[in-house]
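**Q** Sequence order for the protein chains is A and B.
Heads up: the first sequence begins at 6 in our numbering, then just goes up one per residue.
Heads up: the second sequence begins at 6 in our numbering, then just goes up one per residue.
Mixed in with the good hints there might be a few duds.
Claimed, not checked - Residues from chain B that face chain A, not an exhaustive set, calculated with beta carbons under 10 Å:
{"hint": "1", "residue": "L60"}
{"hint": "2", "residue": "S62"}
{"hint": "3", "residue": "A137"}
{"hint": "4", "residue": "T148"}
{"hint": "5", "residue": "E149"}
{"hint": "6", "residue": "A153"}
{"hint": "7", "residue": "L154"}
{"hint": "8", "residue": "D203"}
{"hint": "9", "residue": "H205"}
{"hint": "10", "residue": "H206"}
{"hint": "11", "residue": "S208"}
{"hint": "12", "residue": "A209"}
{"hint": "13", "residue": "N210"}
Stated by the list, open to error - The list that follows gives simulated cross-link-like pairs (lysine to aspartate or glutamate, EDC-like), each with its CA atoms no further than 20 Å apart:
{"hint": "14", "chain 1": "A", "residue 1": "K215", "chain 2": "A", "residue 2": "E248"}
{"hint": "15", "chain 1": "A", "residue 1": "K201", "chain 2": "A", "residue 2": "E248"}
{"hint": "16", "chain 1": "B", "residue 1": "K63", "chain 2": "A", "residue 2": "D124"}
{"hint": "17", "chain 1": "B", "residue 1": "K246", "chain 2": "B", "residue 2": "D26"}
{"hint": "18", "chain 1": "B", "residue 1": "K63", "chain 2": "A", "residue 2": "E112"}
{"hint": "19", "chain 1": "A", "residue 1": "K253", "chain 2": "A", "residue 2": "D243"}
Calculated directly from the structure, the hints in this document are not laboratory data.
The C-beta atom is built at its ideal place from N, Cα and C for all residues, glycine as well.
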Amino acid sequence: MATSKPNAEPIIEINELNVSFGRQDVLRDISLSVPAGQTLAIIGESGCGKTVLLKTIIGLVRPTKGYVKFDGQRIDQLNDQQLTRQRTRFGFVFQNAALFDSMTVAENISFPLRQHRPDGRASHDEAMLARLAEVGLPTAVLRKRPAELSGGMRKRVGLARALIMNPEVLLYDEPTTGLDPIMSDVINELMIRTRKKNPVTSIIVTHDMKTAQQVADRIVMLYPLTRLADEEGQILFDGSAHELECSKDRRVTQFIHGEAGDRLMEMNENSEEGQVV
Amino acid sequence: MSTGIEYSPRPRRGVLSALIDPMVDLGAVVLGMFETLGDMTLFAMQTLRWLVARLPSKESLYTNMYQIGVMSLPVVALTGTFIGMVLAVQSYTQFRAFGLETQLGGVINRTMFRELGPVLAATMLAGRVGSAMAAELGTMRVTEQIDALSSMGANPIQYLVVPRFLSCLLLIPSLTIMAVFMGVVGGAAYCVFLLDIDVHHYSANSKTYVENWDLLYGVIKSVFFGATIGLVSCYRGFHCKAGAEGVGQAATSAFVQSFVVIIVLDLFLSIMLDNIYSYLWPTSPMLLNG
Numbered sequence: 006m007a008t009s010k011p012n013a014e015p016i017i018e019i020n021e022l023n024v025s026f027g028r029q030d031v032l033r034d035i036s037l038s039v040p041a042g043q044t045l046a047i048i049g050e051s052g053c054g055k056t057v058l059l060k061t062i063i064g065l066v067r068p069t070k071g072y073v074k075f076d077g078q079r080i081d082q083l084n085d086q087q088l089t090r091q092r093t094r095f096g097f098v099f100q101n102a103a104l105f106d107s108m109t110v111a112e113n114i115s116f117p118l119r120q121h122r123p124d125g126r127a128s129h130d131e132a133m134l135a136r137l138a139e140v141g142l143p144t145a146v147l148r149k150r151p152a153e154l155s156g157g158m159r160k161r162v163g164l165a166r167a168l169i170m171n172p173e174v175l176l177y178d179e180p181t182t183g184l185d186p187i188m189s190d191v192i193n194e195l196m197i198r199t200r201k202k203n204p205v206t207s208i209i210v211t212h213d214m215k216t217a218q219q220v221a222d223r224i225v226m227l228y229p230l231t232r233l234a235d236e237e238g239q240i241l242f243d244g245s246a247h248e249l250e251c252s253k254d255r256r257v258t259q260f261i262h263g264e265a266g267d268r269l270m271e272m273n274e275n276s277e278e279g280q281v282v
Numbered sequence: 006m007s008t009g010i011e012y013s014p015r016p017r018r019g020v021l022s023a024l025i026d027p028m029v030d031l032g033a034v035v036l037g038m039f040e041t042l043g044d045m046t047l048f049a050m051q052t053l054r055w056l057v058a059r060l061p062s063k064e065s066l067y068t069n070m071y072q073i074g075v076m077s078l079p080v081v082a083l084t085g086t087f088i089g090m091v092l093a094v095q096s097y098t099q100f101r102a103f104g105l106e107t108q109l110g111g112v113i114n115r116t117m118f119r120e121l122g123p124v125l126a127a128t129m130l131a132g133r134v135g136s137a138m139a140a141e142l143g144t145m146r147v148t149e150q151i152d153a154l155s156s157m158g159a160n161p162i163q164y165l166v167v168p169r170f171l172s173c174l175l176l177i178p179s180l181t182i183m184a185v186f187m188g189v190v191g192g193a194a195y196c197v198f199l200l201d202i203d204v205h206h207y208s209a210n211s212k213t214y215v216e217n218w219d220l221l222y223g224v225i226k227s228v229f230f231g232a233t234i235g236l237v238s239c240y241r242g243f244h245c246k247a248g249a250e251g252v253g254q255a256a257t258s259a260f261v262q263s264f265v266v267i268i269v270l271d272l273f274l275s276i277m278l279d280n281i282y283s284y285l286w287p288t289s290p291m292l293l294n295g
């Protein structure tokens with residue numbers, strides 16, 4: 006596992022970030038700083054706001070309060086053109102790959118190039134083939150449609166598409182969810198190789214502990230707001246994989262060891278309540 | 006991501022609540038409607054802004070034009086033909102009672118040119134294309150493809166909405182002309198071959214009641230209808246709720262809302278275009294004939 010440079014400047018700064026949808030608060034007072042070159046894993050149970058945090062970083066979700074700074078600029082204060090320019094410096098690997106159904110694999114991978122560098126078809130093909138090789142897919146898939154690919158192949162095509170613009174930051178949203186253990190390991194290995202080959206900062210949202218421990222320099226654990234008291238912080242843990250293992254917080258140990266604990270009691274109470282009603 | 010607040014009625018008890026609750030619920034519905042209307046207006050303005058700022062690629066425009074225009078031609082032509090024939094069937098008995106059956110051509114043609122042609126083409130387009138566009142864009146929203154577009158620095162409105170809107174706007178006049186033509190042909194064929202109306206008189210009366218303005222009248226209406234279908238359907242797709250149910254609802258509401266707006270617009274456009282006609286040609290015999 007490679008580590009980030011200790012004194013590297015933060016490329017992403019999140020300051021007292023709050024996100025709400027209607028009356029539902031999802032993120033509360035999140036403050037994080039991600040140095041350039043670091044691989045950060047954000048873990049936490051479903052519904053704790055990991056994906057929302059990732060989408061807020063790239064400006065797909067607007068913060069209700071607080072801000073995200075990328076390379077010194079506040080994302081929520083950028084105009085359309087500036088935001089477009091900044092987004093080309095990111096690569097986003099979506100949970101279900103989010104490949105465009107109406108396009109072939111080749112068109113999907115080269116989409117960002119066609120969008121931002123319309124001239125230079127030959128160089129597009131060259132870059133596309135290089136990225137395809139990087140994620141270990143044969144050229145035979147280029148003419149296929151996303152619907153014809155397996156889950157693991159779709160994820161790899163998604164990664165190739167995210168890499169095509171040589172991004173400075175890679176955002177992964179649950180990269181191993183829904184994959185078999187072997188394919189999960191392949192994706193983990195690809196993330197490690199990608200970082201070795203390209204000097205990128207990576208933020209990986211996952212609830213797969215193996216991924217977090219294998220790939221990340223630093224792990225941050227979020228907790229759902231619905232389970233926290235008003236004064237409690239949403240970040241339960243921030244440290245290395247080793248420190249996570251040694252954590253004494255019951256909620257952290259429960260998550261990393263996959264124990265239902267008090268959730269079982271809660272479930273039983275709910276079902277009893279349902280029977281009474 | 007939708008930021009709309011969902012208003013749900015709160016259960017209250019007591020006589021006063023029984024009086025207040027319906028008003029509160031009605032207020033919530035009205036607020037929701039205004040919110041949607043405002044949102045839709047902003048969406049339309051963004052679409053127009055992107056239309057002016059950057060034209061869509063030829064590839065994307067041609068693909069949408071093919072799907073929206075070429076693929077709709079057969080169904081528009083078929084329904085146009087049958088509507089023309091139905092008009093003949095429905096009007097024949099009344100006209101025959103007054104011995105005016107040779108005037109049927111004028112009535113059928115004028116109705117097709119001014120009303121049924123544009124409304125029929127728009128209805129078919131809303132049903133065939135509007136629902137499909139809402140379902141496609143809705144699926145793209147649900148499967149994060151629209152977020153993926155944004156994350157790669159592409160504007161989803163410029164990339165997805167503008168070519169669809171432009172295709173609806175540019176091709177609906179052709180579909181309207183096709184519906185009108187087939188309606189005229191269908192009506193004439195039914196009258197001449199099945200109702201044995203004299204060809205010469207039918208043809209002469211057909212020409213008397215229709216002029217170039219009537220064709221323009223239908224085409225002008227159709228442009229507004231096309232814009233409505235493009236905007237409403239894309240808006241519904243973009244604001245699709247999660248899951249298969251959300252996509253289904255988006256497709257249904259795209260058709261229903263487009264159709265309602267088309268019918269309301271039809272009334273106002275008819276009044277406006279009639280006023281323009283009487284202003285431009287105040288002494289026209291068509292105007293004097295009613």
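**Q** Which of the numbered hints above does this structure break?
**A** Going through the list in order, the structure violates hints 1, 3, 8, 9, 10, 11, 12, 13, 15, 17 and respects the others.
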